[in-house]
Amino acid sequence: DAGVTQSPTHLIKTRGQQVTLRCSPKSGHDTVSWYQQALGQGPQFIFQYYEEEERQRGNFPDRFSGHQFPNYSSELNVNALLLGDSALYLCASTLNLADFYGYTFGSGTRLTVV
Amino acid sequence: GENVEQHPSTLSVQEGDSAVIKCTYSDSASNYFPWYKQELGKRPQLIIDIRSNVGEKKDQRIAVTLNKTAKHFSLHITETQPEDSAVYFCAASPSSGNTPLVFGKGTRLSVIA
Chain F
4 DAGVTQSPTH
14 LIKTRGQQVT
24 LRCSPKSGHD
34 TVSWYQQALG
44 QGPQFIFQYY
54 EEEERQRGNF
64 PDRFSGHQFP
74 NYSSELNVNA
84 LLLGDSALYL
94 CASTLNLADF
104 YGYTFGSGTR
114 LTVV
Chain V
7 GENVEQHPST
17 LSVQEGDSAV
27 IKCTYSDSAS
37 NYFPWYKQEL
47 GKRPQLIIDI
57 RSNVGEKKDQ
67 RIAVTLNKTA
77 KHFSLHITET
87 QPEDSAVYFC
97 AASPSSGNTP
107 LVFGKGTRLS
117 VIA
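Read top to bottom, the protein sequences are chains F and V.
Quick note on numbering: the first sequence equals residues 4 to 117 in our numbering.
Quick note on numbering: the second sequence equals residues 7 to 119 in our numbering.
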């Protein structure tokens, strides 16, 4: 068990709709990062949350937004869905102030936009 | 920003042979280099990592080498087994927990029995 849980596992949405993906970090971790993995590609960094604030952001439009809650869990929201948003969305957690042992990834949410 | 190139994109080897995957990076500030294995439909899993103060690290059949001058690092798998078949990703990052990893595009390794 990875310790990072994501929901839902699969999701089908229509173009123009909005979607919310959820992530609970590994116990003891306080930092959550979101990645988008298109088919056949490596994961691409979307943004990172720590202390309920977005700390860093990758090259993604404002349609992608997020939130972190006091219990360190996080949500990724995508508005006005495009076909190109179809991908595996991965959540990864770390302990911000500790030595960096590498992310712990969740199993991901497979989003299909039709 | 950091850019990571990974080669080859696909690799087929006979069971028992060795496999080598190579990555180059652009940002000289990067000093942490993990490798992830991703099986079909599953999450990426860290298999080995190396920091810039080390030139080589080994864990059983898996080893990673790092050349900071040339800005490249490689994954070596010896005595390959069918269960090594997966997609392997290299990544680079300055070594801190709040810095995002930049991934390569992946190498699909097939081990033929």
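Check the hints yourself; a few may be wrong.
Covered, in the sense of this in silico footprint (three residues per stretch, anywhere, with C-beta under 8 Å from a C-beta of chain F), are these stretches of chain V [as the list claims (entries may be wrong)]: (1) 23-36; (2) 65-78.
Taking CB as the label site, the calculated pair distances span [claimed, not checked]: (3) V:Leu52 <-> F:Ser10: 19 to 25 Å; (4) V:Gly22 <-> F:Glu57: 44 to 50 Å; (5) V:Glu89 <-> F:His70: 23 to 29 Å; (6) V:Leu52 <-> F:Pro11: 22 to 28 Å; (7) F:Thr12 <-> V:Gly7: 46 to 52 Å.
Everything labelled a hint here was simulated from the structure, so no lab data went into it.
Built from N, CA and C at the ideal position, the CB exists for glycine as well.
Hints and how they fare:
1. 23-36: Violated: only 0 residues of the stretch 23-36 of chain V have a Cβ under 8 Å from chain F.
2. 65-78: Since 0 is below three, the answer is violated.
3. V:Leu52 <-> F:Ser10: 19 to 25 Å: Since V:Leu52 and F:Ser10 have Cβ atoms about 23 Å apart, the given range 19 to 25 Å holds.
4. V:Gly22 <-> F:Glu57: 44 to 50 Å: The hinted range 44 to 50 Å holds for V:Gly22 and F:Glu57, with Cβ atoms some 48 Å apart.
5. V:Glu89 <-> F:His70: 23 to 29 Å: With Cβ atoms ~39 Å apart, the hint is violated.
6. V:Leu52 <-> F:Pro11: 22 to 28 Å: Because 25 Å falls inside the window, the suggested range holds.
7. F:Thr12 <-> V:Gly7: 46 to 52 Å: 31 Å, violated
The structure is inconsistent with the numbered hints 1, 2, 5, 7, although it conforms to all the rest.
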